[in-house]
Every structure is written in C-alpha cells, then in structure tokens.
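2 protein chains.
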Amino acid sequence: MSIAPLFNIRLPIVQAPMAGVQDSDLTIAVCKAGGLGSLPCAMLTPQAVLTECEKIRAATDQAFNLNFFCHQPPLVDPDKSAAWKAHFSSYYAQWGFDPDGIGPGAIRVPFGEEMLAVVKLVRPAVVSFHFGLPPAHLLEQVRQTGAKIISSATTVQEALWLQSQGVDAIIAQGLEAGGHRGLFLDTDAGYDVTSQVGTFALLPQVLRAVDIPVIAAGGIADAAGVKAALSMGAAGVQVGTSYLLCTEAKTSAVHRAALQGEGARHTALTNIFTGRPARGIVNRLMKDLNYMSVHAPAFPLAAAASAPLRAKAEAAGRGDFTPLWAGQNTSGCAAISATDMTLRLMGLVS
Amino acid sequence: MSIAPLFNIRLPIVQAPMAGVQDSDLTIAVCKAGGLGSLPCAMLTPQAVLTECEKIRAATDQAFNLNFFCHQPPLVDPDKSAAWKAHFSSYYAQWGFDPDGIGPGAIRVPFGEEMLAVVKLVRPAVVSFHFGLPPAHLLEQVRQTGAKIISSATTVQEALWLQSQGVDAIIAQGLEAGGHRGLFLDTDAGYDVTSQVGTFALLPQVLRAVDIPVIAAGGIADAAGVKAALSMGAAGVQVGTSYLLCTEAKTSAVHRAALQGEGARHTALTNIFTGRPARGIVNRLMKDLNYMSVHAPAFPLAAAASAPLRAKAEAAGRGDFTPLWAGQNTSGCAAISATDMTLRLMGLVS
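Protein chains in written order, with this note's numbering: chain X, 4 to 353; chain D, 4 to 353.
To be clear, the hints were calculated from the coordinates, so they are not data collected in a lab.
Warning: the hint list may mix true and false statements.
As the list claims (entries may be wrong) - One-sided and incomplete, this derived list gives chain D residues near chain X with beta-carbon spacing under 10 Å: (1) S198; (2) G201; (3) G236; (4) L272; (5) T273.
Don't be surprised by glycine CBs; every beta carbon is placed ideally from N, CA and C.
Construct the complete structure from the given sequences, taking the supplied hints into account.
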C-alpha cells in the first residue's frame with residue numbers, strides 16, 4: 004500500500020524534516036509537486052510554528068507534515084558540561100572566547116502541551132516524531148486531531164515498538180541517512196551506533212516484522228533509488244540530503260560548499276554537535292573529538308560548547324565547527340527548485 | 004550489462020566467497036543453479052585449492068570463481084603481539100591456557116607465485132580478489148589465463164582505482180556485508196570505518212563513477228533485494244549471508260545457532276579477530292574488546308590470540324570467542340540447498 008492515499012498526497016515522497024536548514028519555503032515547494040512537505044519544529048517556538056504554517060496554508064492546500072523531537076529533556080550536569088567545555092579550550096583561546104561567557108545554545112524542545120496546542124490549531128495531515136514518540140496522553144490527543152502519525156525506527160525492535168503504539172506508518176531510517184539518528188531504544192548504552200543498519204538490510208527486516216506501511220529512508224537520492232525502495236515493498240520514501248542544495252532550502256554557504264566538495268563522500272556519525280549521534284560531512288571538530296565522544300553531555304546540551312565557534316568560523320567562510328549534516332549519498336543534490344527535485348525523484352522530469 | 008554473459012553464467016548471482024565456512028560443496032551447489040559459485044582460497048594451501056577445484060570440475064562444467072586475499076604480509080612486531088595477548092590474559096587464566104604456548108593461528112596467505120601457478124593450472128572463469136589487487140606482474144599473468152578479474156570497492160575512490168587497474172567488474176561492497184571489509188586505500192589510518200558506506204548510497208555513486216559492470220553486495224538477502232539492486236543498475240549481485248545456513252555450507256554449529264537467534268540482528272564491524280575490520284554477530288569478545296581496537300596487530304596476526312579460546316569455547320557449545328561472520332540482513336538465511344537458495348534469490352522458486 005502506498006502512503007499517497009494514506010496521507011492524501013499525489014507522490015509517495017516525504018521530504019525529510021531538516022531542522023536548522025529549512026523553513027516553510029521548502030515545505031511549500033515539495034507540496035506543490037505532490038510530495039509530503041515537512042516543517043521541522045524542534046528548533047522553533049510555538050508562535051514561529053504557527054507563523055510558518057500560515058505561510059504554508061497561504062501557498063498551498065496540499066497535505067503537509069509537522070515534525071517534532073520527543074527526547075527526554077536532560078538534567079543539566081554542571082560537572083559534565085564543564086568537562087565538555089574543557090575539550091574546547093584550545094579553540095576558545097584561539098578564537099578569543101571566554102569559556103564562562105558561552106550561552107546555552109539553540110533551543111531543541113521536545114513535543115509537549117504547547118506544541119500540542121499548535122497541532123490542534125493547525126491540524127496538519129501528518130505529524131512525524133523523531134526519537135520515539137511523546138507520552139501516550141499527548142499522542143492520543145494528536146491522533147484525535149485526525150493527523151496521521153509516523154516516527155522513525157532504526158532497528159527492528161524500534162519498529163515493533165512503534166507499531167505497538169499505534170502509529171500509522173514507520174520510517175525505516177537506514178544508517179546512510181543524514182542528520183540525527185532516530186534511535187530511541189537502549190540509548191542508555193551510550194548510543195552504541197553498531198546497532199544501526201543500512202537501508203538494504205533494515206527495510207526488508209522491518210517489512211517482515213510489521214503489518215503497517217513502511218517508508219524507506221537513508222541513501223535514497225535519485226529516481227533509481229526511489230524505484231528500488233518501492234520495489235522492495237516500501238510504501239513510500241523519505242528523502243533529505245537531495246534537497247539540501249535546493250533553492251528553497253536555507254542551507255548555509257559553508258554547508259552548501261561542503262556538499263559540493265569531494266569531502267562530501269566522507270560522512271560519519273557523531274554526537275559531538277548535540278549529544279546524539281547524527282550523520283554529517285567529516286570536518287575538523289569531528290576528527291579532533293573522534294566522532295563519538297563519551298564526554299558529550301546529553302542531547303541537546305552538548306551543542307552549546309561549539310555554537311560560538313561555529314558562528315565565528317562560518318563568518319570567516321569555514322565549516323570547521325559546523326554540523327554539516329548530510330547522508331552518505333550526496334550524488335542527488337542539485338541547486339534546483341524542490342518542486343523539480345520532487346518530480347525528479349519520481350522520474351517525472353530529468 | 005549483466006554479468007551473466009561476461010562470466011558465462013545463467014544467473015547474475017555471485018556467491019560470496021566465505022573463507023572458513025565453506026569448501027567446494029557450496030561452490031558446486033551454486034554453480035548447478037546457474038550462479039557463480041566461489042571458492043575462498045586464502046586459508047587453503049595451493050595443493051588444497053587444486054584438490055577442491057578437481058572436485059568442482061568433477062561435479063559441474065559451469066563457470067566458477069577462485070577468490071584470493073591480497074593484503075601486504077605484515078612484519079611481526081613482538082611487542083605489539085605480546086601486548087595484544089595481554090588483553091586476553093584473564094580468558095587464558097579462566098580457560099587454563101599458557102600464553103606462551105599459543106601458536107601463530109590459521110594461515111591467511113596473500114596471492115603470490117604459488118597461487119598464480121594454481122590459477123594457471125585450473126584456469127577458472129573468474130578470479131576475485133579482496134583487499135585490493137596483487138602486484139601488476141602477477142595480475143597480468145592472471146589476466147593472460149583468460150580469467151575475468153574482479154575485486155571489491157568499499158568507496159568511490161577504491162572503485163576508481165580498481166577500474167584504473169583494468170578489472171573486468173567491481174563489487175561495490177556496502178557496509179551491510181558480512182565478513183571482511185574489502186577496504187584497501189587509506190588503511191594506514193587505522194581502518195577508519197566511518198569511510199564505509201551502505202549499499203543504497205555506495206552503489207549509485209560507484210555506478211556514476213565507473214564505466215565497467217558493478218556487482219552490488221551488502222544486505223542483499225532475498226529476491227526483492229536482488230531485483231532492487233539490479234533495477235538500480237547493478238550488473239549482478241554478490242550474496243553471502245543467505246548461504247550460511249545452506250546444507251552445503253561448513254558453517255559451525257555455534258555459528259548456525261547464532262544466525263538463527265535474536266542476536267543475529269546485532270552485528271558490528273570488528274578488527275579483534277584478525278586485525279582487519281569485518282562484520283560479525285556481536286558476541287562476548289567483541290563487546291569486551293570494544294569492537295575496533297587500536298591494539299590489534301596487523302592482519303592476520305591478531306587472529307592467533309583468540310584461536311585457542313575459540314576452539315575450547317566452541318567445544319563447550321559457546322560462540323563467545325568465535326568470529327560469527329554475518330551481514331546485517333540474516334532474514335534470507337534458510338537451511339536449504341544452495342542450489343535452491345540461488346534460484347530463490349532470483350525468485351525462480353519460493
């Protein structure tokens with residue numbers, strides 16, 4: 004069964020929500036092609052989500068997706084935060100920062116009552132969650148708005164758990180995918196990324212395990228990849244990386260440059276930017292801190308330490324401290340409209 | 004273009020050579036179905052290869068593949084070997100071993116003059132290499148036997164290098180694949196496994212980069228996976244894991260049990276068994292030594308330390324110290340004939 008009738012869209016393509024590199028412009032452009040445009044809400048205030056949704060509704064009457072994180076808000080551990088900052092002391096010295104003057108970093112708020120109120124007002128066709136699902140009483144109220152509910156599974160166990168919670172479809176997020184891994188079970192084990200599985204292995208095993216539609220994600224970057232995933236039994240695909248150079252994306256200049264360089268072929272999972280494993284193009288900070296660090300504070304607290312360095316380096320045209328989120332397959336990226344990209348992914352335009 | 008006419012086989016399926024878990028019985032069974040049966044030679048003496056090839060020729064007139072490793076033979080570093088053994092001291096004490104009495108471990112000889120002589124005698128249709136290619140003067144003599152030459156690429160750079168050396172086809176080995184990674188460029192960097200890419204990402208990028216046939220490998224375990232890889236443009240597929248339970252495989256009892264357990268869903272890349280990164284089902288030794296160890300001596304010297312523990316634990320029915328090689332998708336495994344498995348992979352039988 005295709006996700007197209009389930010979500011009331013024309014094409015079985017979900018644009019992956021990409022917090023920090025897009026707003027409603029990308030959502031709208033994908034919706035106009037007939038795909039499911041997504042708005043990442045985790046780094047927005049409720050008011051900002053409402054404003055973006057008004058823009059979407061003014062531009063299109065197509066279905067769209069609001070995406071939320073549902074991590075457990077961490078308790079601040081001052082010792083751990085201080086120890087983490089100490090790993091950055093040579094950079095602070097070099098760039099002239101006072102470590103004590105560094106702020107808390109960008110907000111990343113889990114889905115809660117305030118965002119539930121937004122969903123009730125907006126009534127999007129689809130609500131997607133990352134890092135599991137919100138508490139049952141919140142989830143039930145989302146369901147009652149009529150929204151279809153989806154979330155990401157990175158293992159068969161996670162897929163089975165999501166199915167048991169009554170989601171309408173599961174995103175099988177293969178480890179090729181860019182940005183944050185959706186993993187949420189067994190995360191106490193220090194995010195053992197060996198649990199993460201490639202799309203060719205994850206998709207068939209999730210399809211065998213569950214009875215609900217499965218959306219394939221990870222490494223799918225062109226029409227041949229979309230066709231292959233659908234032929235394996237996926238009900239749809241979720242594509243992120245291929246949209247990063249699109250004209251409607253808010254991808255930064257250093258990020259765009261990195262995506263177009265030879266270095267884009269080497270990505271890695273790292274937790275040093277936020278505290279959770281996410282895939283990005285390898286850069287100086289990832290190498291210096293060795294990709295996955297046991298010293299990183301819990302998500303999203305780890306982000307504060309690198310934020311000022313990132314800003315200053317970017318102003319100098321360098322991505323040394325920037326999370327350059329990207330999947331393992333950047334070959335589909337193109338500086339075209341996301342409307343055309345969506346049609347291209349379906350093989351409808353070349 | 005399909006590999007079937009190139010290799011003079013009926014079905015575009017290469018049975019992955021799996022040193023240690025198969026002999027000519029598996030090769031023959033795959034050849035009988037019309038796939039390319041493979042004989043792994045790296046752990047055999049030249050005489051043993053000749054004997055196995057006689058068995059193949061007596062059983063089938065179909066094309067088959069001889070597979071060789073072509074690693075650089077390492078210099079023994081006594082200090083490093085002693086330090087490595089020290090990591091095993093608690094196991095040795097527990098199982099009653101004298102560390103000084105531990106032998107050099109199984110042979111793993113790179114392709115050289117002796118094996119070249121075997122190839123000249125046997126004249127197989129295909130010769131496949133792992134860990135790059137042998138020196139040019141040896142490779143040229145293999146070519147002159149009329150054998151088609153293939154090798155594995157784990158990155159686009161490796162694929163381009165193999166093409167420049169004149170191979171007839173490239174195996175794009177996605178990171179889902181079981182057993183040893185074929186990686187051979189930049190291996191001085193301590194086998195940074197972040198360079199390894201899932202099949203959904205690797206295959207399209209290799210296809211774009213080279214002009215010769217590409218065989219997809221990694222996570223392909225059933226007819227839907229084979230069809231998807233071919234639809235993406237692969238000229239054929241290489242499948243290993245799905246054959247591990249086949250009646251003609253020599254997979255050990257503990258290995259077979261592990262493949263059928265829930266734990267088979269969790270594999271990891273590890274260098275602790277041989278010194279090179281390879282994918283196997285997570286077991287005690289992998290967890291204890293943390294998967295990838297900077298202390299492991301160069302391939303294949305690391306193998307000696309765990310070999311006696313492995314033998315003793317296996318005799319007690321335990322796989323705690325056994326390399327339980329497997330890919331990330333064990334869902335295709337079945338205790339059927341490899342002839343039937345090959346036909347099943349093509350969707351010709353259910």
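Given S198 (chain D) was flagged as interface, is its beta-carbon under 10 Å from a beta-carbon of chain X? 6 Å, holds
Hint check, T273 (chain D) versus chain X [nearest Cβ-Cβ separation less than 10 Å]: Holds, about 9 Å.
Hint status (Cβ of G201 (chain D) to nearest Cβ of chain X, threshold 10 Å): 3 Å, holds
Does the closest beta carbon of chain X sit nearer than 10 Å to the beta carbon of L272 (chain D)? Where the cut-off is 10 Å and the nearest Cβ of chain X is about 7 Å from L272 (chain D), the hint holds.
Taking 10 Å as the limit, does the beta-carbon of G236 (chain D) come near enough to a beta-carbon in chain X? Since the shortest Cβ distance to chain X is 6 Å, the answer is holds.
Hint compliance for this structure: every hint is met.
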